[in-house]
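Visitor: Spelled out, the chains give:
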Amino acid sequence: MKSIYALALAGFLYLPAKAQTYMTRNGKVNFYSKTPLEDIKAENRQVVAAFDLGKKTVAMTLLQKNFLFEKQLMQDHYNENYVESDKFPKAQFTGTINGNVGTTPGTYKVQISGNLTLHGVTKPVSAPAEFEVADGKVTGKADFKVKPSDFDIKIPSLVKDKIASEISVQVVAACTALSK
Amino acid sequence: MQRRIIQTLFLLLVCSRMMAQDSSLMKMMDDAVSESQKGQVVTGTFKATQIVNLPTVESPGKKSLQFMIMHRFGKLNGGAYEFFGLDNASIRFALDYGITDRFSVGLGRSSVDKTFDGSLKYKLLQQKEAGMPISVSLYGVITNYTQRYTDKPYLDAGYRTAYTSQVIIAKKFSPAFSFEVVPSWIHYNLTPTPEDKNDLFAVSAGGRLKFTKRMSINAEYNYLLRNQVVSTKIYDAISGGIDIETGGHVFQLVFTNAAGMVGPYYLAKTNGSWGKGDIYFGFNITRNFNFKK
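Protein sequences, first through last, are from chains A and B. Here numbering that gives the first Met the number 0 is used: the first residue of the first sequence is 0, the next is one more, and so on. Here numbering that gives the first Met the number 0 is used: the first residue of the second sequence is 0, the next is one more, and so on.
If you're looking for bench data, these hints aren't it; they were derived computationally from the structure. Careful, some of the hints might be misleading.
What the hints assert, rightly or not - EDC-like, lysine to aspartate or glutamate: derived pairs with alpha carbons at most 20 Å apart:
no. : chain 1 : residue 1 : chain 2 : residue 2
1   : B       : K61       : A       : E69
2   : B       : K122      : A       : E83
3   : A       : K86       : B       : E128
4   : B       : K170      : B       : D195
5   : B       : K209      : A       : E69
Since the model is a prediction, treat every value here as computed from it, not as a measurement.
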């Protein structure tokens, strides 16, 4: 019984003392669709991301309309016709870190798995990731592939050859410790 | 017993503290996202740069060139002999180029009166998710017709020129519905008779209603203030149509009582009446080309 008290007390005191939570508002998500006919690239530099290394959880939220394309028309079509940003403004990922991310500076290779919500559809996604721990800063990087068809994003046959069936997504989030 | 209660309360306290931290993190993330949402510019108020003839607030993006074919067949009331207007056609070709995302220049040529036109469009204000409630674009067109009139040798380039200035005030009320109001000022260097006014004023309104992601119904009404053109009977240009968007193209199938497709012609020279069946069927096709690498 005493030990439970001690453990609870320790947890109670420990949590506020040592920040295990890291967050950023300027995370980066790129995606890339490559076909012989057309390459489509877009970048979102306003991704909100948070890591809790104590609980080994990851969360990310972004606004579809913050994806910038090289061509304005592509951006308009992305928002209006494909991801329907007015109906589904956000894309979200919540997941867990499988593997060890130490507290000492260094690079840690782990596996992340969780749920990606996009275009109103939630699907499990899993990808290798890398955490770079530095003083008061943790940078997470991950690459994975997304199939538009998995997320109920319909591509008309007329432009089928211009949009890859698998889209590469790259995430870089440099988070700083949340001061409590 | 007491011990147990204290113990449970204590554990609850610890747990709630942990949960509070977790939900406050989610709240922080949501706040950060909705903060950046507020500043976002509302895009896609209209699909094309014109409703039928009336310009919209939209312009081609930076370094993109829009090629447009506007085509009107003859009047429907031409009957079977004229194949309901399909025997005749008038056309306008136009090129519009975005110098920046907010400023574009255009060149056009209409078969009506063999008219050349040059235009500028500037997006003065852009509607935002929070704050700015409307978009405003300024549109200026200079037209010069080159039709030869052997009986009027005095018609030099100056006399053949007219200027149309429009302030386009638009609002996207919902993803499906957008509406705009456009006051116009037309200046003719030369009018057909001295009784006709050189400076004409008109007010237009138009809107679109999307019924699928890529299709919408559009309509516009152009009201020319009365007692300005007195030498000929002029009707208000009323037009309606359907937009169909396919990747880089926008097809617009239209019905209108205006034969002209540029500034002064549809606003102040529409002599067809819907009531009498002076209705032109036609289409606008726009195609975008990009020069951005």
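Visitor: It remains to establish, for every hint, whether it holds in the given structure.
Guide: Going down the list of hints, with the structure as the test:
1. B:K61 <-> A:E69: 10 Å, holds
2. B:K122 <-> A:E83: Violated - the C-alpha atoms of E83 of chain A and K122 of chain B are around 24 Å apart, more than 20 Å.
3. A:K86 <-> B:E128: OK: K86 of chain A and E128 of chain B at ~14 Å, within 20 Å.
4. B:K170 <-> B:D195: 34 Å, violated
5. B:K209 <-> A:E69: 26 Å, violated
The structure shown violates the earlier hints numbered 2, 4 and 5.
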